[in-house]
Each structure stands twice: as structure tokens, then as C-alpha cells.
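Visitor: Here are the chains, one letter per residue:
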Amino acid sequence: MNAGTNAYVEFEGVHKSYDGETEVVRDLHLSVQEGEFLTLLGPSGSGKTTCLMMLAGFEAPTRGAIRLGGRTIHDVPPRQRDIGMVFQNYALFPHLTVGENLRFPLEVRGMDKAVAAERVRDAMRLVRLEGFEARRPGELSGGQQQRVAIARALVFEPRLVLMDEPLGALDRRLREEMQFEIRRIQRTLGVTVIYVTHDQQEAMVMSDRVAVFNRGRIEQVAAPEVLYEEPERPFVATFIGDNNLLRGEVVDVDGDYCQVDIGEHTITAFLVSPRAVGDTVVLAVRPERIGLADEPGTYGNEFVVPISDVIFLGDHLLVRATMGEQGDFVVKIPNIVGHGAVLPGDRVRIGWTATDCRALVPDED
Amino acid sequence: MLEHANLDTCGSYPQRGRMTASSPRERASHYAHVAFCAAVLVFLIAPILVVVPLSFNAEPYFTFTEGMLRFEPDAYSLRWYASIVEDEAWLRALVNSLGIGVSATVVATVLGTLAALGLASPAMPGRPLVMGLLISPMVTPVIISAAGFFFFYSSLGLAQTHLGLILAHAALGTPFVVITVTATLAGFDVNLTRAAASLGAGPWRTFRRVQLPLIAPGVLSGALFAFATSFDEVVAVLFMGGIDQRTIPRQMWSGIREQISPAILAVATFLIAFALLLMGVVEWLRRRGSQAD
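Each protein sequence line maps, in turn, to chains A and B. With the first letter of the first sequence counted as 1, position 322 gets the number 319 in this note's numbering; the numbers rise by one all the way through. To get this note's numbering, take the position in the second sequence, counting from 1, and add 349.
Quick caveat, the hints were computed from the structure, so don't treat them as lab data. Check the hints yourself; a few may be wrong.
[Unchecked claim] Which chain A residues face chain B? A few, computed with CB under 8 Å, are given here:
#, residue
1, A53
2, A57
3, I80
4, M82
5, F84
6, F101
7, P102
8, V105
9, R106
10, K110
11, H195
12, Q198
13, Y296
14, F300
15, G348
[Stated by the list, open to error] Derived list of chain B stretches under chain A, where covered just means 3 residues or more per stretch with a C-beta under 8 Å from a C-beta of chain A:
#, region
16, 536 to 545
17, 578 to 591
From a predicted model like this one, the values you see are computed outputs, not experimental measurements. Here a beta-carbon is modelled for each residue, glycine too, at the ideal position from N, C-alpha and C.
Okay, chain A solo, but in the shape it has when bound:
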């Protein structure tokens, strides 16, 4: 999160409060490289859209600095920021044709008509909507409208494009198709994109890096695979994919690993950040990293637990085990064992290796 010297977009200590009391964005530090696809991911009300609006110029930060290309942009009105914007509801001008919508930013810039026509054609080709110039937005499907909105945000060749949950209104199939489409366009043009979504899968599919927002703060910024494999906070561990969380106390520290007492058992876990003996930690174990052990000694951590429920999901089984006072524990087993191999009421030996169990600093409440 260091403000790199070649960062294209930089948030430095940005705070935002609408009422002067509750801060929707708290002490935000973020830098985005040129050509990067960065996603702001978080539940609704976590401050991600507010960040986007501050960057676009529709909201002003209460404190802190936002820089674009090394220049502070607080005094620059939205129309002079030269940032393309795709809105959640598309915000196409309903009384203008698709072609006129795309020409709008070019007319504003006083562009020669022939050049503008060329640009509009190129943009329409880019989003695969050639021949739709004369239609009105109301005559297009949701997916087509979204393509027009993207084309309009790109046609004046901004270096930065912001997208605010642009696929939220589309059905699932179309959404997945558009995710690849947006990614393809971004790679083709090499434009910097900052994308807001609450859908973690969308973030995983498209992004170079994902910034996970929670209650106005960024919990972690990293590449999707890093977020999944190496979450640094319990919130990230559960927001990206599924995770089993166990609360416990550190009883011994040995290099990168520690022993954690979770009540009935003591677990060896990978220590993500330095913790001392006596500190509380939250252990995170992915369901698919937990296995059934036929014989003792297969895994570093092993327990014999009663099974409370088994859900058959075709390619895998979801097994619910009871882990003492810590409650339910979910184990995901690939369907190699076959349906009926594990039944509710059985007591089975489950386990995982210490590297797959991450000891995290608990979220403050």
C-alpha cells in the first residue's frame, strides 16, 4: 500500500463523512498503476462507491488527498477530469440515439465531424454493436445498453475508466459474458480501470488486483489468487470464498507457526502476522483443504469429530462436523468416495496441514 512514485491514481489518507459524524470512508490509502484493472470489492455500504464518486469528482473527500497522474484533483471539476464513467443504471441519454450518445463527448471536445464518426465506429466495433448507431437506448436490451455505456465511456479515449457495478442489473449468464468482454476490452486498450462490485466472483474473473472494503476501510489489496490463498484478515477470509473460522488463544510460537488452544483441541497454524503467547487469533481453514484421514498421522492437525449433516452436491459433498463449542465446521470432499461413504452420526477423523490453517488477527468489533 505504499504510494509508489509511478502510481497513476493515489488515495492518501482519505476520509469521507456526509454528516460530520459517521465516516463512510476511513483513512484510505490506495495506489493504482497505469493500465491496471483494480476492483473495489465489498458489501454494500462499505464505502467503495463513495471512493469511486470522489475520484470522479461527484463527492469531495472530507480529509486527505486524491491524486491523478501525480496531480491533486480536488479543485478540478468532474468535466475536466477526463475520466470515463460507466454507471450502474447505464445513464444513457434516452432522447439521443446510440450514435449521438457516443458523439456527445466528442462534440464537447470540438472534434472534427469526420474524425468523430471514425471514433464512434471504432468504439461500436470494440463493443461489437456495429449497426446500432441509429437506435435509441430504449430499443436495446440491458446487455446492449451496457455495451453502449462502456463504448461511450471509452470513445473519448480517457486514460482512466471507472465502473460502478455496471453488471448489477443483468442476469447471470449475460453478466459472466460481459465480465470477459470488459476484461478483453481493457486488455486491448491498455486503459486503467477501477471497478466497483459486491460480487466476489466478478472481482476474481476480471481484476489484476482487488481491494477488499469493509466498513469504510480497505482490509487487503492483492491479486485475486493471493486474496484467496493468503487472506490477512478474517473478513477477507470469509468474503472471498468460504472459510471455517475458529477462535482461540496462542499458547506457543515457533517461527512462522504457532500453537493455538481452541478449547477441546490445540491446533498448529501458520502465523500471518506476529502475535505473542496469550493473544487471541482467528484460525481460517478452507473447507476444500480439510480431508478425511483413514489412518492417524496423515495431517499435521487431526481430530475425530461427529458428523451432523451431509449434503450431496454432485461433484462434491459438503460435510458438516461439530467442533466442540466452536460450532459447525464445513468440510468439502470431492466426490471420489461416492454417495453414502459418510453418513450423519458417523465419527470420522478429519485433518489439515498447518500451512492451510492461517492464524489471523481478529477483526475489531
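Starting from the known structure of chain A, arrange chain B on it as the hints suggest.
Guide: Quick look at chain B alone, frame taken from chain A:
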């Protein structure tokens, strides 16, 4: 001249009649309902409609002659229409009405639209108060407003001038524009303005290319109401207008008081036709507006 009659209350309930087996009592109440609605319509419209045939009276009376009732062609004539076309006072009144009406409409439309745009902004402080003040000419009795205009404008030297009347009528017409434009803006997507800004458009271009085309039906129907307000306004004209500012309603006023002539019935017929035309335009705009959504 525009009557803001809400006829919805007189609607019948077709499904209800079809769905329930109608007992005699229900049928009776249904007919009573229809009769009541018909009576309302008759009392609303008959006094207006009766003017139309009377304006073709061949005799200088305000009542139907026996010849008229027997539909004798000789009992009807266009003499009162001829008399108003030939009378310079009526022509001057028409010119005054149109001139003052159009000017007041322009002022009211520009100010009312700007006010509605400002009031639609969430950044505007004290919105309900400002809105109330702007709407007040609509609820204040015209005679109070007119007296106020008279004393205030006299001290400014604007009484008995065209400008004074234009300003007074603009003040009376502005609330209609504020209300219709505010209603149109209620369905206006703020993101459209933001999108225009992100695409590089300044406030004026955003207004002209994005906002105005979308709120145009509201602006136009507000303008028509403002025009109608000025066009049939008589109280302010009585207070403020001199001999040179006589409008059609003012001329009718003198016509009734000074020279009892069916010529004013001819004028009234003309005004009814004009009002119907305006109402038709407003309705057409409303439909176009709702289609655009």
C-alpha cells in the same frame, strides 16, 4: 378559461358491476351514481356551452329567441363576430392579451424552470420554505395579490404600464411552471447529469442537451398554464391596467357593464375554443411525456 375539473371522481366501476350479481338495491345505487355524475357534468359544462349558440343570435338579446328554438336560419347570424372583428377596441384587447400573455409566459417559464431546477438539487437549503414562497401566488386570493401589485408597482412607476402587467402576470403564472417542471424532474435520473459531466459537458451544455429535452413536456405544459393564467386574468388588469392595457377579459368586463351586447358571447365562444385547444395541447404533451418514460 382552463377549468381544472377532476372528472376521475365520476368514473364508473365496470368490473364491480360485472363481478357481483347486482341486486335491485345495488342497481339503484349504480343509477343514482351515474345520475349524480351526469348532473355534475351538466352543471359544469352547460353554462359554458350555452354561450356558444347564443353568440350566433341574430337579435341583441342574451336569451334564445323563438326563432332560434325553432332552428330558423334567419334567427342565427354572424353579426356579433363581425362586430368584434370591426371594433378596434376588441382588436386592441386581443393584441394586448397576446402580447402581455406571451411576454409573461416567457418570464414565468424561464424563472419557474430555473427555480424548479434549483429546488431539485439536494444541496439547496430550506427547500420547503422556498417552494412555499414560490407557490404562494397560487393560493393567495388574486384580489390580494392584485392590490399588492397595484401599491407596490405604483411606487415604482410601473402601474398602468405593459411592463407592470407582464411582471404581475409572470408572478401569477410562475407557480404553474415550478409545479409542472418539479413534477417532471422527480423522475429525472441524476446520473444523467453526472454522465454528461463525466463526458466533459459544462452546466449549460448539460442543461441544453440533456436536461431540457427530457423535461421539455413539463416546461411546455407549465408555459401553457402560465399563458392561460395571464390570458384569462381580469383582477390584476382591473387594478393595474390603464386604458392602453385593456386585455380581452378586461374588455369583456366593460362589455358586460357598459354595453349589453352579445358581442361578448362571440368573444367567449372564441375563448372557449382557444381553451379547448390549450387543453388538448397539454394532454398531448402529458401523453408524450409519459411515453418517454
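Visitor: Against this structure, judge whether each hint is valid.
Guide: Structure-based check of each hint:
1. A53: 6 Å, holds
2. A57: 12 Å, violated
3. I80: 6 Å, holds
4. M82: With a minimum Cβ separation of about 4 Å from chain B (threshold 8 Å), the hint on M82 (chain A) holds.
5. F84: 5 Å, holds
6. F101: 6 Å, holds
7. P102: 4 Å, holds
8. V105: 4 Å, holds
9. R106: 6 Å, holds
10. K110: 16 Å, violated
11. H195: For H195 (chain A), the interface hint is violated, since the closest Cβ of chain B sits about 18 Å away, which is over 8 Å.
12. Q198: Nearest chain B Cβ about 26 Å off; hint violated.
13. Y296: Since the shortest Cβ distance to chain B is 53 Å, the answer is violated.
14. F300: Hint violated; F300 (chain A) Cβ to chain B Cβ min 53 Å, cut 8 Å.
15. G348: Hint violated; G348 (chain A) Cβ to chain B Cβ min 53 Å, cut 8 Å.
16. 536 to 545: Check passed, 6 qualifying residues.
17. 578 to 591: Answer violated; 0 residues pass the 8 Å Cβ test.
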